[in-house]
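A.B. asks: Here is what each chain is made of, one letter per residue.
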Amino acid sequence: MIEAPSYPWSPLVGPQEVEVVDKVRQLMADIAETTTRLEQMKAELERLNKQLFALHAQKAPIARIPDEILIAIFEAGAETLPMFSSAYKRRLDIPFQRTCTRVCRRWRQVAESCTSLWATTSIHDVGGIRMFECHLARHCKTGSLCIEVHHQFDCVSRDDRRFAKALSQLFACTAERLARVSLTCCPHTMQTIFSDQVEFPSLRVLNFESADDCHLRDSQAVAYSIIDLTKFSSLRHFTHARHINPFSPPAILIPSSQPIFSIDLSGIFLPSVLRALLQDCGNLQRLGLEGIVLLKQSETTSSRLEPHKLPRLEELQAWIDHGHSTDILDELALTTRPSLRSIELSCKHGDFDADDFDLVWFLRHASNLRRARLSLCDDHTHQVLATLGSELRLLPMLCEIHLDSYESEIYSFSDETGEAEPPCDIVDLLKPLVDMRWNQMVQSSPSARVVLSHNIPAERVKELRDMGMRVDLVDFIPPT
Amino acid sequence: MSITLISKEGAQFLVSKPVADRIGVVRDCAYGADFWLGYAVATDDSMGITLANVTSSILSKILVWCEHYKDMEPLVDGDSNMEFPEWDMAYIGHDMNQILFVLEAADYLHIPGLLLLACKGIADVLDGRNPRGICDLLGIVMDFSHRQEVDMDKENGYWRWFLHPT
Numbered sequence: 001m002i003e004a005p006s007y008p009w010s011p012l013v014g015p016q017e018v019e020v021v022d023k024v025r026q027l028m029a030d031i032a033e034t035t036t037r038l039e040q041m042k043a044e045l046e047r048l049n050k051q052l053f054a055l056h057a058q059k060a061p062i063a064r065i066p067d068e069i070l071i072a073i074f075e076a077g078a079e080t081l082p083m084f085s086s087a088y089k090r091r092l093d094i095p096f097q098r099t100c101t102r103v104c105r106r107w108r109q110v111a112e113s114c115t116s117l118w119a120t121t122s123i124h125d126v127g128g129i130r131m132f133e134c135h136l137a138r139h140c141k142t143g144s145l146c147i148e149v150h151h152q153f154d155c156v157s158r159d160d161r162r163f164a165k166a167l168s169q170l171f172a173c174t175a176e177r178l179a180r181v182s183l184t185c186c187p188h189t190m191q192t193i194f195s196d197q198v199e200f201p202s203l204r205v206l207n208f209e210s211a212d213d214c215h216l217r218d219s220q221a222v223a224y225s226i227i228d229l230t231k232f233s234s235l236r237h238f239t240h241a242r243h244i245n246p247f248s249p250p251a252i253l254i255p256s257s258q259p260i261f262s263i264d265l266s267g268i269f270l271p272s273v274l275r276a277l278l279q280d281c282g283n284l285q286r287l288g289l290e291g292i293v294l295l296k297q298s299e300t301t302s303s304r305l306e307p308h309k310l311p312r313l314e315e316l317q318a319w320i321d322h323g324h325s326t327d328i329l330d331e332l333a334l335t336t337r338p339s340l341r342s343i344e345l346s347c348k349h350g351d352f353d354a355d356d357f358d359l360v361w362f363l364r365h366a367s368n369l370r371r372a373r374l375s376l377c378d379d380h381t382h383q384v385l386a387t388l389g390s391e392l393r394l395l396p397m398l399c400e401i402h403l404d405s406y407e408s409e410i411y412s413f414s415d416e417t418g419e420a421e422p423p424c425d426i427v428d429l430l431k432p433l434v435d436m437r438w439n440q441m442v443q444s445s446p447s448a449r450v451v452l453s454h455n456i457p458a459e460r461v462k463e464l465r466d467m468g469m470r471v472d473l474v475d476f477i478p479p480t
Numbered sequence: 001m002s003i004t005l006i007s008k009e010g011a012q013f014l015v016s017k018p019v020a021d022r023i024g025v026v027r028d029c030a031y032g033a034d035f036w037l038g039y040a041v042a043t044d045d046s047m048g049i050t051l052a053n054v055t056s057s058i059l060s061k062i063l064v065w066c067e068h069y070k071d072m073e074p075l076v077d078g079d080s081n082m083e084f085p086e087w088d089m090a091y092i093g094h095d096m097n098q099i100l101f102v103l104e105a106a107d108y109l110h111i112p113g114l115l116l117l118a119c120k121g122i123a124d125v126l127d128g129r130n131p132r133g134i135c136d137l138l139g140i141v142m143d144f145s146h147r148q149e150v151d152m153d154k155e156n157g158y159w160r161w162f163l164h165p166t
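Going line by line, the protein sequences match chains A and B. Going by the UniProt record's numbering, the residue at position 425 of the first sequence is 425; the numbering climbs one at a time, nothing skipped. Going by the UniProt record's numbering, the residue at position 143 of the second sequence is 143; the numbering climbs one at a time, nothing skipped.
A hint or two may mislead.
The calculated label-pair distances, taken between Cβ atoms and stated as ranges, are [claimed, not checked]:
#1 B:Asn97 to A:Glu44: 46 to 52 Å
#2 A:Ala32 to B:Arg129: 39 to 45 Å
#3 A:Arg312 to B:Gly10: 30 to 36 Å
#4 B:His94 to A:His237: 30 to 36 Å
#5 B:His94 to A:Gln443: 36 to 42 Å
#6 B:Ala52 to A:Asp472: 33 to 39 Å
#7 A:Arg465 to B:Ser16: 39 to 45 Å
These are computed hints drawn from the structure, not numbers from a lab. Note that the Cβ used here is the ideal one computed from N, Cα and C, for glycine as well.
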C-alpha cells in the first residue's frame with residue numbers, strides 16, 4: 001500500500017495543500033486499484049495460457065505415443081541407479097528415469113510399472129546395500145536384476161570384510177533374479193561374495209575387474225584366488241579385466257557343459273593359463289584379449305591348445321601390449337580356424353621380427369573371414385594387403401578391411417640400419433586391392449568397404465573413391 | 001525392380017526393392033500374396049502403395065535411413081541399451097519435433113531399427129532437463145494431484161533422511 005508523503009519538519013502551508021493532498025491520495029488509491037487489477041489480469045493471463053497449452057498438449061505428438069514406445073524411450077535413457085551415500089546430493093545426479101516419474105501422471109504410472117527401468121543399480125558401500133534393499137521393496141519386487149559393485153577394498157579391514165559379507169548375503173537372497181553382475185574389487189572379495197553354496201541360475205553376464213593396486217595391498221589374497229564359474233549355469237559372457245600378477249594367475253573353473261559364448265580377458269596371462277581356461281569352451285563364439293602381455297614359456301608345441309578346441313569361435317579380438325598379436329593365433333592354435341568371421345589384431349610396437357607368426361599362413365585357413373581390422377606393424381600390414389591383392393583365392397568372403405590407425409603415409413623401418421625407408425602412401429598400399437580384389441569383395445557383400453582414419457587427407461580419400469573403392473572414415477580409438 | 005510409395009500429400013517416391021524391404025509395412029504388402037503383387041500393390045506400378053499417415057518430408061527422411069541400411073539384415077528386436085553408430089546419431093539429430101514424427105512414422109511403417117534409434121534420440125534430447133523443461137519441450141501438462149505431489153516430496157525427504165539421518 002502506497003502511503004502519502006508527510007513532512008514532520010514543516011507545518012501546513014495553506015488551504016491549497018489540502019487540495020493537493022486529496023489529489024495525491026486519490027492517485028494512490030487509483031494506483032492500488034490498478035495494481036490489484038493488473039495482478040488479477042496476470043493471473044487470468046497465466047490461467048488462459050495454461051488452458052491454451054493444455055489444449056495444444058492434447059494434440060502434441062507425445063500424447064499420441066503408446067505406452068510401450070514410451071517405455072522404450074525411458075529404457076533408452078535409463079541410467080544405472082547409484083546406491084551410495086554421496087549420490088542424489090546434486091539435482092544433476094537424479095537419474096533419467098527418476099526425472100521421468102516427475103513429468104506427469106501418465107509418465108509416472110508408466111515408468112513405475114516398468115521394473116526393467118529400476119533393475120540396474122550400482123552399490124558402493126554398506127549404506128548402499130541398505131538403500132538397495134529398500135529400493136527392491138519399493139520399486140523392484142519382481143524381474144531380473146543387474147548389479148554393479150564398485151568398491152576399493154584392501155581385503156583386510158574390518159569394514160571391508162563386513163561389506164563383503166553383507167554383499168554375499170544380498171547376492172544369496174537375490175540369486176534367482178540376478179541376470180548381470182559387474183564387480184570391481186579384489187579376487188579375494190569375489191571369492192567371499194560367491195563362497196556360499198548358492199547357485200545363480202539366471203546369471204548371464206559376469207564382469208570382474210581387479211580393483212587398482214589391490215595386489216600390492218594383499219598379494220596373498222590374489223595368490224589363492226579361484227574363480228569358479230560352475231555355479232552360473234546360464235553364464236554367456238564372462239569378462240576378467242586387469243589381472244596383473246603373472247606368478248599367481250587366478251584359476252578360472254569352467255565346466256565343459258558351460259554354454260559360454262563370449263570371454264574377454266585383459267592383463268598378464270601366461271599362454272598356459274589361457275590354454276587351460278579355453279580347454280572346455282566348446283561353445284565359445286567370441287574371444288577378446290586386450291592389453292595382454294604374452295610371456296614366452298619354455299614349452300613344446302605339443303602343449304599348445306589342440307586344433308579341434310574352440311570349434312565355434314567366430315570373432316577374435318587381440319590387442320596385445322607386448323609381443324605380436326599375431327603370436328596369439330599360433331599360441332592358441334587358431335591358425336586353422338574356418339569358423340572365424342571377424343578378427344581384430346593390434347600390437348603397439350612396430351618392430352618386425354622374422355620369427356613372428358606368418359599371417360599369410362593364417363589367411364590361407366580362415367576361409368569364412370568377413371571382417372579384418374588390422375593395427376599391426378607396417379611390414380605385417382603390407383604383407384597382408386599385398387597377399388590379398390595377389391592371391392584371390394584367399395578369404396573369398398572378405399568384405400570389410402579396417403586400417404583405421406594408419407596415417408596417409410606408412411614408413412617401413414629397416415632392421416639392420418634402423419633408418420626409415422621411403423614412405424609408402426596409403427593409396428599405393430590399397431591399389432592392389434582396387435585392381436584385383438575389390439570386385440570380389442563387392443560380390444561377397446554390396447556394402448563392402450575399407451575403413452580408414454579421419455586423419456587421412458581428403459584428397460587421398462577422394463583418390464581412392466575415384467578408383468571405385470568405398471571408403472568410410474572413423475575416429476581411431478586406440479586400445480586402452 | 002522398384003516400387004512407388006505415395007506420401008500423405010500424394011507425392012510419389014520411387015524406391016528400389018532393397019530399400020523398400022527395410023519398411024515392414026511395404027514388405028508385408030509386397031510379399032503378402034505373390035511376389036510384388038500383394039493386395040496393396042496394383043499391377044500398374046504407377047499406383048504404388050499409399051502411406052496415408054506419413055508426410056513427404058518425413059518419408060523422404062526415412063528413405064535416407066532405408067537407403068543407408070538397404071544391404072543389412074533388418075533389426076527385428078533390439079536391445080534398448082545398444083550403441084548406435086555415429087552416422088545414426090547424426091541422422092536422427094536433436095530436433096525434437098522431427099524425431100517425434102520419425103518415431104510415429106517408424107512405428108506406423110514397422111521399422112524396428114529406426115524406432116529404437118528415434119527412442120534413443122528423444123532420450124538424448126531429454127537427458128539433463130528437469131521435469132518442467134521436459135513438459136515445456138514436449139507439450140505435456142504437469143497434472144499431478146496434490147496427493148501425488150505430497151508423495152513426491154516424501155520421496156525426496158525419504159532419500160534425504162536416509163542419506164543424512166542426522
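A.B. asks: A separate judgement is required for each hint: does it hold in the structure or not?
C.D. replies: Results for each hint:
no., hint, result
1, B:Asn97 to A:Glu44: 46 to 52 Å, "violated, 30 Å"
2, A:Ala32 to B:Arg129: 39 to 45 Å, "holds, 41 Å"
3, A:Arg312 to B:Gly10: 30 to 36 Å, "violated, 53 Å"
4, B:His94 to A:His237: 30 to 36 Å, "holds, 33 Å"
5, B:His94 to A:Gln443: 36 to 42 Å, "holds, 39 Å"
6, B:Ala52 to A:Asp472: 33 to 39 Å, "holds, 37 Å"
7, A:Arg465 to B:Ser16: 39 to 45 Å, "violated, 22 Å"
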